[in-house]
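Undergrad: For reference, the chains in residue letters:
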Amino acid sequence: MILRSCTREAEVKALVERGQWPQACAPDLRAHVDVCRSCSELALVSAAFGRARNEALRTAKLGSPGLLWWRAQLRRRHVAVERISRPILSAQIFAIALNLAVAASLAVWQARHGLAWLTWLQQVSHDFNSQWLGSILPTDLFSAGSGSLMNPLVLISAFSILALVGCVVVYFASEKQ
Amino acid sequence: MPKRRISRMFWESSIPNILAGDAAPQASSAAVPPMDDEAFAAFYERSARSLWAYLARTSGDPTLAEDIMQESYVRFLCLANPPSYLAEGEIACRRYLFRIATNLLHDHWRRPRVGSIEEMPENLFARADEHFSSDAQMILGPALAHMRPRDRQLLWLAHAEGYSHREIAEITGLATASIRLLLFRARRKIARLLQNQECASQARGRQA
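Respectively, the protein sequence lines represent chains A and B. The letter at position 153 of the first sequence is residue 155 when you use this note's numbering, and the numbering goes up by one with no holes. The letter at position 56 of the second sequence is residue 1209 when you use this note's numbering, and the numbering goes up by one with no holes.
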């Protein structure tokens, strides 16, 4: 397609933009527009768009700029907090991953060495049963089934529950802050 | 040997006045709005009508135009590197705003439509009628409906807003060289449609 623009297009456009087309147009320019396809199209299209724009500007219903300013403030703040929280979240994920890795390696290491600490823990719980609980509670209350109520599994479970409750408390406290 | 003073740091202190919603001028460019609230209110009064007109006429949906217009202003105020109102002036800010709105409109058109016509509110059509019932729109509206969305945008920016080819290229993200050709084709097509409409209305007038 060959683009041919008329040299008088700028004049026509200026007249339409000023609202002087076609009444305040010079007769020679008007005669030119009648025969020039490019200029006649420009005049027609520019006049139609100009009228539509004026009509739209008149009918536009605008909201409050204060509300938009407030929304932008909120979004900026949210973005800033998110930007700050991202490294903290990454650090938390890294810490959890590290803890899991240490726990896993410890479990593997213990499994290879025959869980020697369990016998030590059993000895501690046995001493605790006989020396302390035996003096204040009836013997049949804490001695049930195969062995002591304070056996290593019970101790581990108790520590786990304590740790879990502690984590939940810390979580809620930090959420509240 | 001088003693090193170790002060305790809080996360809030890494962005100044973050909890107050203010921003320090040099601390973080992301938190600095391009203008203060009073300047923004004045800028909004001068630019919002033309932006709404552009969006409403190119999308054909006044409600969508309102939504996109609001989102454009909010994004403009949240820009990481906004054009400075004082240094670059209102024209640059306005051009940037049109660019944001154009991108949002493109995103809207690209998004797949999931809603059915039954889900649309009744007042959507009532409002559209109210906005598009003027004589000017009765003439231009049907012609614009036959144009492609991009052509509508180019025509509006060139003939209603009076932007140059370079400015239209900045707003739409197209190359300056292709704007000329696209505009030429679009203008030829809409001129033919407008002429046909004019002929049809003259014929109707003669019959009446």
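Hints are not guaranteed to be accurate.
Derived list of chain B stretches under chain A, where covered just means 3 residues or more per stretch with a C-beta under 8 angstroms from a C-beta of chain A [claimed, not checked]:
no.	segment
1	1213-1226
2	1243-1253
3	1258-1265
4	1307-1319
Listed next, the in silico EDC-like pairs over lysine to aspartate or glutamate satisfying Cα-Cα at most 16 angstroms (straight line) [to be verified]:
no.	chain 1	residue 1	chain 2	residue 2
5	B	K1342	B	D1304
6	A	K63	B	D1304
7	A	K63	B	D1220
8	A	K15	A	D36
9	A	K63	B	E1219
10	A	K15	B	E1314
11	A	K63	B	E1323
Ranges of calculated distance between the beta carbons of each label pair, as one might list FRET restraints [stated by the list, open to error]:
no.	chain 1	residue 1	chain 2	residue 2	range
12	A	I86	B	A1298	41 to 51 angstroms
13	B	I1244	A	E84	28 to 38 angstroms
14	A	R20	B	P1302	45 to 55 angstroms
15	A	I86	B	P1302	51 to 61 angstroms
16	A	K63	B	R1264	18 to 28 angstroms
Hints listed in this document are in silico derivations from the structure and should not be mistaken for laboratory results. Each residue gets a CB set at the ideal place from its N, CA and C atoms; glycine is no exception.
Undergrad: Hint by hint, say whether it matches the structure.
TA: So, going through the hints one by one against the coordinates:
1. 1213-1226: holds (count 3)
2. 1243-1253: violated (count 0)
3. 1258-1265: violated (count 0)
4. 1307-1319: Held - the segment 1307-1319 of chain B has 6 residues with a Cβ nearer than 8 angstroms to chain A, which meets the minimum of three.
5. K1342/B / D1304/B: At roughly 10 angstroms apart (the allowed maximum being 16 angstroms), D1304/B and K1342/B satisfy the hint.
6. K63/A / D1304/B: Status violated; Cα separation ~26 angstroms.
7. K63/A / D1220/B: holds, 12 angstroms
8. K15/A / D36/A: Judged against 16 angstroms, a Cα distance of about 15 angstroms means the pair holds.
9. K63/A / E1219/B: holds, 9 angstroms
10. K15/A / E1314/B: Roughly 12 angstroms between the alpha carbons, so the hint for K15/A and E1314/B holds.
11. K63/A / E1323/B: violated, 27 angstroms
12. I86/A / A1298/B: 41 to 51 angstroms: holds, 49 angstroms
13. I1244/B / E84/A: 28 to 38 angstroms: With Cβ atoms ~33 angstroms apart, the hint holds.
14. R20/A / P1302/B: 45 to 55 angstroms: Because 30 angstroms falls outside the window, the suggested range is violated.
15. I86/A / P1302/B: 51 to 61 angstroms: violated, 40 angstroms
16. K63/A / R1264/B: 18 to 28 angstroms: Holds, at about 25 angstroms.
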